[in-house]
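Enquirer: Fit chain B to the given chain A structure using the hints.
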Amino acid sequence: MIRIEYNTQRLSMRFFLVMLILFLFQTGFGLLLAMQHIDPTLLSGVLNFNVVRVQHLNLGILWILAGFIGTILFVGPLLSKRELAAPWLIKFLFYALLAIVIWNVLTQYLAQQGIAGWWMGQPWFQEGLEYIEAGRAADIVILIGFAILCYVVLRTFPPLKQWTEIHWGLGLGVIALTAVWMFGLFFIDRLDLQEYFRWYVVHYWVEGVWEVIHISLVGFMMVMMFKAKIKSVGYAVFWGISLVWLSGLIGNAHHYFWIGTPEFWQFWGSLFSALEPLPLIFCFWHIYLDAHQDRKPIKNMPAFAFLLGSVVLEQVGAGILGFTMTFALTNVWSHGTWVTVSHAHLALFGTFGMLGLAAAYYAIPLMRGIKKFDQRLGKLAFWMVFLGMLGMAFAFAIGGTVQVFVYRTLGLDWFGGDVSSAMYFAKIMVPIFGLLFTVGVGLLVYDLLTMGHRPGDIEDGSPEQDDASMQLPTQAVPATGWKRYLSGWEAGIWLLSMWVFGAIITIGLLSFNLTVVREGNPLLPYLMASVGYPGLLLVTLLFVWRFLSSVTARSASPSPKL
Amino acid sequence: MSCKEGELCEEGKKRKIAMVVLGLMAFIFVALSFMSFLDSRGQVIPNNVQYAGHEAVQGKRVFQAYNCMGCHTIVGNGAYLGPDLTDTYATVGPAWLEAFLPSAGSWPTRVAVQVQLNKSAVAAESGVEDIEAYLNKYPAAAERIERRSAHASIMPNLPIKPDEVGAVIAFMKYTSQMDTEGWPPVPQVVGLTRSEAIQMPAKAVSVAVSAEAGTPEAALGDPVALGAQLVKDNGCMACHTDNTQDLIGPGWGGLYASNVTLTDGSTAHVDEDYLTEAILNPDTHIAAGFNQGLMPSYSGILDTQQVTAIVAYIRSLVGEEQ
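Line by line, the protein sequences are chains A and B.
Its first residue numbered 70, the first sequence is counted upward by one per residue in the numbering used here.
Its first residue numbered 1246, the second sequence is counted upward by one per residue in the numbering used here.
By construction, these hints were calculated from the structure, which means they are not laboratory data.
Among these hints, one or two may not hold up.
To be verified - Each pair of labels, with its calculated beta carbon distance range: (1) Q231(A) - M1264(B): 34 to 44 angstroms; (2) G438(A) - M1264(B): 41 to 51 angstroms; (3) I1273(B) - I213(A): 29 to 39 angstroms; (4) E332(A) - G1436(B): 23 to 33 angstroms; (5) G511(A) - T1438(B): 22 to 32 angstroms; (6) I257(A) - A1378(B): 33 to 43 angstroms; (7) W172(A) - D1408(B): 25 to 35 angstroms; (8) R1286(B) - E74(A): 51 to 61 angstroms; (9) V600(A) - G1436(B): 24 to 34 angstroms; (10) M1264(B) - F252(A): 53 to 63 angstroms; (11) V1431(B) - W172(A): 38 to 48 angstroms.
Ideal placement from N, C-alpha and C gives every residue a C-beta, glycine not left out.
In isolation and in its complexed conformation, chain A is listed as follows (with noise of 0.2 angstroms):
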């Protein structure tokens, strides 16, 4: 493992350990959501669901930013092969988001008594936009704080002629991200109109910002991981971003379906929208090349898995399941359902939270000088939020197909009598998974918390570091069966069968403008997606599983012809 070589690298720790807190509270939130959902009389009146669900998207968004503020001052003196240019802005800029999130969990909770703190037309406490919640004076502390993380990266960046595409990501990712932030800073009288600008920092963040963060921050841990070469790593951040924002740009049209925005939209939202998942396919192809690029074992597992589950969620949650419900002519019956909510669990949790996760593996134990550690429980922390994660991501997707059916299909609109008892059956998986995941939540933030503290840990410099007590013992006899070495060949069957499965779930929405269903027979739409969804996640369950048994054991393996 390399070692830490700039001392403003350790900056990027107290990141992390915030980022574990914060992940911790969002994920009890969500449990709470689950529960409310079940019994919507649950602690109503005293924390009201919307504003359980405010600290939830919001704390969401706060541990992601964290991790990204996290992984790239922790990378970025490596990439300019120099300490960081103003550390106390970056002291700063810690504190600042320490206040930041104590006086947005406060201030939210004046939605129940309707208190946006109106001044100058602006909602300084709290503004009820989905997403963007945080009230004006957050706001513009939060722009400060960008503009700070924009400060240092170009600061301590080399000059513009030495940069690689690695630089570039990053570089233009830190500047969009601020720019992006600028639309959510007024107060629209228009519905439409708002819905629009709302869009630009939603679809632009994450489609836009986070996702060329993300390349860029994958690109550069593969290189850390596997001494893959810049070079060709680089090239393919440079495709994955282009692609990214050619098809992201315009692709932003899928939210202007029906909010108020012309019809055209339509057209151009389901052919852009729909080039998205290129990019990710791209990504994912890259991560199984160049994990291949070394064949030592891997000495980080738990930081691989959740490199490894970052790709594959992006492109089984943002990819897959957002190319089902980019057409106008499936999008009219997933919009405004639970059907969209499976695909935001799965694809922002899956590809921007384990990016973080992934990140914090591998940089805290580097940090504490640890040479060895236990990694049992940070493996069974991984497979704990991943199952947890799909559970939970099959369970949205099953009552959103049975709401779209009672709610717009049978026009039934009572929720506490109708909507709801028709969903039961999904509202009481979501937190049995829920419980899943949460404490393997509680398990990883345990593991990372106390990692290096605890009785096993073999610290730098002990006698038994030498790298062949790594070594497995199997190491003679070739790898077989499920851990054999993992070809291009099979890997693209894997990535096929997911697609088909996608395939069948985007066949399952269509089918709901079908006379038949309209007419109040569930039957395919029903019969899809309990294929579609249950066959895709158990794919992308079993991939995972075997990528992880090829990689553990492909010190063995044979060579591959390739």
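Expert: Okay, now just chain B, sitting in the frame of chain A:
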């Protein structure tokens, strides 16, 4: 698409081409956006929408202040605990919303909606004068009264003020007039049901019927029993309780014969006259801590005998400490 070591990759050139294509995309996007908000499209804008003297823009501020999007969707965006609100104004009508919003914890009864129609502004906005015509015009309101009347809803009571109620309705009037390109899809066959759906107790229907009939069988008996029946039929318990707990309005337990402080600082003694006045002209005296204009007048809905019966019922309710 990897670039191997030693290969000529021409990154700079490719980056430039990508930027040019990106610029083209941005141009298309901006052009489409520009066309989207041209006046010639005829999309309704909130500045042109008023409801009973309330501005739709003000309603949008209230909508955001209570974070309605945290439980409901609007144009399909938001949370999924409650129904989408885009078309609600058009389907249930203003009188139903006037009856529902102040005491959202329970579904309005037929009388609660009827009372709202007595307000000339609400009747004018609804386009009808009497409840029968209203339910014909707004079938979703009829469905709600028939199946849900006086049942608890899953929405909490909000501390919403009368002018906020009007403003939110103005905002919902605006959204219902928006052209959303045919979304949400309208059910192709009306009246489809789900066999597994919770069957509504026949009670709900019979309440509506007995309210219409004026409960003649109870009228002959004890006024307290008649009062209790009337309270049930009229849905008074959406805002009041039969104990000392205040809800939207004062709790009735121990209210009779007590002294209440009014908003103007004076004190009033609660007797038959005070209660009668409170039912027929509720805004004459407002007790401190409660909102003026939330309680509708029941003058013209309840006759003298019925008011007396309700007062007798309130009188029979004692506070916890007694």
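Enquirer: Would you mind marking each hint as holding or not holding in the structure?
Expert: Outcome of the hint check:
no. : hint                                   : in the structure
1   : Q231(A) - M1264(B): 34 to 44 angstroms : 19 angstroms, violated
2   : G438(A) - M1264(B): 41 to 51 angstroms : 43 angstroms, holds
3   : I1273(B) - I213(A): 29 to 39 angstroms : 33 angstroms, holds
4   : E332(A) - G1436(B): 23 to 33 angstroms : 30 angstroms, holds
5   : G511(A) - T1438(B): 22 to 32 angstroms : 44 angstroms, violated
6   : I257(A) - A1378(B): 33 to 43 angstroms : 38 angstroms, holds
7   : W172(A) - D1408(B): 25 to 35 angstroms : 29 angstroms, holds
8   : R1286(B) - E74(A): 51 to 61 angstroms  : 58 angstroms, holds
9   : V600(A) - G1436(B): 24 to 34 angstroms : 31 angstroms, holds
10  : M1264(B) - F252(A): 53 to 63 angstroms : 22 angstroms, violated
11  : V1431(B) - W172(A): 38 to 48 angstroms : 44 angstroms, holds
The earlier numbered hints that this structure contradicts are 1, 5, 10.
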